[in-house]
Amino acid sequence: MALSVPAIMKTTAARLSALYLLLFALCAVLLVFYMTSLSARMLTAQTQETINDEVLGLARAYQRGGLPVLVRVVEARSRQPGANLYLIADANGQILTGNVQSLEPGVLENEGWTTSPFSYQRFGEGELERLRNLPADKGTTQPDQSDTQAQGEKGHNAIALVLRLPNQMIMLVGRDLGEPERFRAVIRRSLMLALGMMGLGGLLIWFFVGRAALKRIDGVSEASRRIMGGDLSGRLPVTGAGDEFDRLSENLNVMLARIATLNEGLKQVSDNIAHDLKTPLTRLRNRAEATLSGKQKTVDYRQALEGTIAESDQLIKTFNAILMISRLEAGYSSEHTNRVDLTAAVRDVVELYEPVAEEAGVSLEAEVSGAFVVDGNRELIGQALSNIVDNAIKYSTDSTSRPAVRVALERTHGEIRLSVADNGQGIPDDADRARATERFVRLEKSRSQPGSGLGLSLAKAVMTFHYGRLDLLPGNPGLTVVMSFPAREDH
Amino acid sequence: MQMPATQPSSEIAYNGPMKILVIEDDREAADYLQKAFTEAGHTAHVAGDGETGFALADAGDYDVMVIDRMMPRRDGLSVIAALRSRGNTTPVLILSALGEVDDRVTGLRAGGDDYLTKPYAFSELLARVEVLNRRASAKEAETVYRVGDLELDRLSHSVRRAAREITLQPREFRLLEYLMRHAGQVVTRTMLLENVWDYHFDPQTNVIDVHVSRLRGKIEKGFDKPILHTVRGAGYMLKGG
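Chains as they are written, first to last, in this note's numbering: chain W, 2 to 492; chain A, 13 to 253.
Keep in mind that the hints are not guaranteed to be accurate.
Said to hold, decoys possible - Residues on chain W that point at chain A, a partial pick, calculated with CB under 8 Å:
#, residue
1, ILE326
2, ARG348
3, ASP349
4, VAL351
5, VAL374
6, ASP376
7, ASN378
8, SER387
9, ASN388
10, GLY456
Said to hold, decoys possible - Capping the alpha-carbon separation at 20 Å, the derived lysine to any residue pairs in SDA-like fashion look like this:
#, chain 1, residue 1, chain 2, residue 2
11, W, LYS318, A, ASP214
12, W, LYS216, W, LEU17
13, W, LYS216, A, LEU205
14, W, LYS318, A, LYS230
15, A, LYS130, W, PHE320
16, W, LYS318, A, LEU110
17, W, LYS318, A, ALA48
18, W, LYS216, W, MET193
19, A, LYS230, W, PHE320
20, A, LYS130, W, GLU352
21, A, LYS233, W, VAL239
No lab work stands behind these hints: they were computed from the structure.
C-beta: ideal position from N, C-alpha, C; glycine also.
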């Protein structure tokens, strides 16, 4: 890992680890402070209690035999190992007996608990102290310096209760604070140790957990870069662990698949556009070139130009249809949808095509009764229906019996079905029938017929816009095209 | 280049020369329109952007205005709205590359009288402009239309030619009514589809031709003089003797 520190800090994992570490350390320090102060207070209270007990015992001894007994008891207790501090002095502060050699001046002047720890010197100080401290000091090669310094200059610290006896003599009973001080040192040491271990733990967590997550994110970024580079078949890595990263990758993969499908559709459409627009454009261009190259009569020029205009008009129609389908599929603005009387729409279209059908020798009949109203756009429905009726008339002419087209409007299963059935040859192949509504698809048979190959695609787009369906069903014989509209709820 | 609509000039009888204002930012298209209108016997002025166009329209007395919808500095719809708010009622034909139903509706709502999608045939534009001509639209109020010996009564829904009653289907009646209202003017197939059937799309087959030839059979059969003429490359025209 040749990453510099700022570069490492740029990763989320490292930053999170550092933040957690800091928070834990802060909590630990607070906890330790709380615990030490609490335990120090408890120790002081314990010390005071011990001193109180001691004083009670001494008071009983004094009651029993006066000063001589007290002095004897004090002397006996003073000699015990690890004894408390005892001192009896006269009214002027002159030490008479006890195990205290010297005191900070002024300690004996006020009766009651000493307000703060004071320093003192015991009898036979040097050897006794060394003997007592040796085992404790062995563990740490360097004893707490500030502690030794304080002790070296001022002796030991202690707290004590100062009492004035009835004969104006002063008695002091105290306890050394060495023990609480050592306790604090132990806690400080363990705190340092804990902090060190936390630091180490944080680093380990970052290394194993953070870096692992980082690696997977890097994997995802790299895969997405590859995909952006044009490889739409690429997918994001899924480890199979089923964790958040896997779920994210799976969802992104589904999205990629959808994009790939759309892209494929777009490519197909542009291929079709290239074919269906380029072919007539080439024809247009060739016709103009051929007319210009030879010696022609005015009539020929006129004919060529008229052909050019007719061809351009067809191109414009195709182009308009493509635009309209795209707009419908992209979600046409529904500002102009309102109640459309389907019955009237069917009558209008049938009436519009009736003379054409008659001229082609096709009987065009409409079976409409009752009111059928849908939410939509009359213009779009009219255009879709007229495309379908137009097709039906064209393809019913190869019927074996008398060519006929029947338009029917009926309600079934919460849908309004508008069907156009012809009795021509139909589209026997299921796959062909399914393909017939795709853009620019012109089945073999229909290539000889004029048209852009967009009529049914447009009708399908119109039905999608109306939240409906366009189905091509096999007739008996012929083909039945069904426009299914969702029925309005209010009737 | 000759316009298909203008060349059999004997067939076309427009209602006198018109003064037309063309507001179009495409220089080539504007020049082409000016030349074509002039060849058709009209006077055309051209403005290259919305501001100039608005100033010209506000000052001049035009019979019809042809306004491009999308222009720099000021778009066509705002020019029309501004003119209408100043009380200018000159008929306006909007030219636009946008041709969806919504676009047409917003165009007409802004105060336009007709809407033509680019690319268009000049014959179509000329026919529409001539129909829009405000001096020709006085027929709206008449109850009986007469063209030659053909007579249509809008109140009693009866048609007679040379005093002979002709029975028409309702749609045939509306078709004839529209043709008679614009007698002497070229009426295109899309104009008929829009005004008689209220559809604005291109049917795949020329359905209108079949309807017109059916109507022609009814009003011409048995009479020696043709009255409903086909104008090649443009549309139809009803014209008496």
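Next on the checklist: Given GLY456 of chain W as an interface hint, is its Cβ closer than 8 Å to any Cβ of chain A?
Outcome noted: holds (6 Å)
Checklist entry - Given the hint that LYS318 of chain W pairs with ALA48 of chain A, does the C-alpha gap stay at or below 20 Å? => result violated (24 Å)
Checklist entry - Would the hint on ILE326 of chain W stand, with a C-beta cut-off of 8 Å toward chain A? => result violated (12 Å)
Next on the checklist: The hint names ASN378 of chain W as touching chain A; please verify it with the least Cβ-Cβ distance against 8 Å.
Outcome noted: holds (7 Å)
Item to check | Given hint ARG348 of chain W near chain A, where the shortest CB pair must fall under 8 Å | outcome: violated (10 Å)
Next on the checklist: What's the verdict on LYS216 of chain W and LEU205 of chain A, does the C-alpha distance respect the 20 Å limit or exceed it?
Outcome noted: violated (67 Å)
Checklist entry - If you take the shortest Cβ to Cβ gap from ASP376 of chain W to chain A, is it below 8 Å? => result At 15 Å from the nearest chain A Cβ, ASP376 of chain W fails the 8 Å test, so the hint is violated.
Next on the checklist: Holds or violated: the hint that VAL351 of chain W contacts chain A, with Cβ atoms closer than 8 Å.
Outcome noted: violated (11 Å)
Next on the checklist: Given a cut of 8 Å on the nearest C-beta pair, is the interface hint for SER387 of chain W held or broken against chain A?
Outcome noted: SER387 of chain W check passes; min Cβ-Cβ to chain A is 6 Å, inside 8 Å.
Next on the checklist: For LYS216 of chain W and MET193 of chain W, compute the direct alpha-carbon distance and say whether it is at most 20 Å.
Outcome noted: violated (33 Å)
Checklist entry - Does VAL374 of chain W pass the interface check with chain A, least Cβ-Cβ distance below 8 Å? => result Given a least distance of 18 Å, the restraint on VAL374 of chain W is violated.
Next on the checklist: For a C-alpha distance cap of 20 Å, please report whether LYS216 of chain W and LEU17 of chain W respect it.
Outcome noted: holds (16 Å)
The structure is inconsistent with the numbered hints 1, 2, 4, 5, 6, 13, 14, 17, 18, 19, 20, 21, although it conforms to all the rest.
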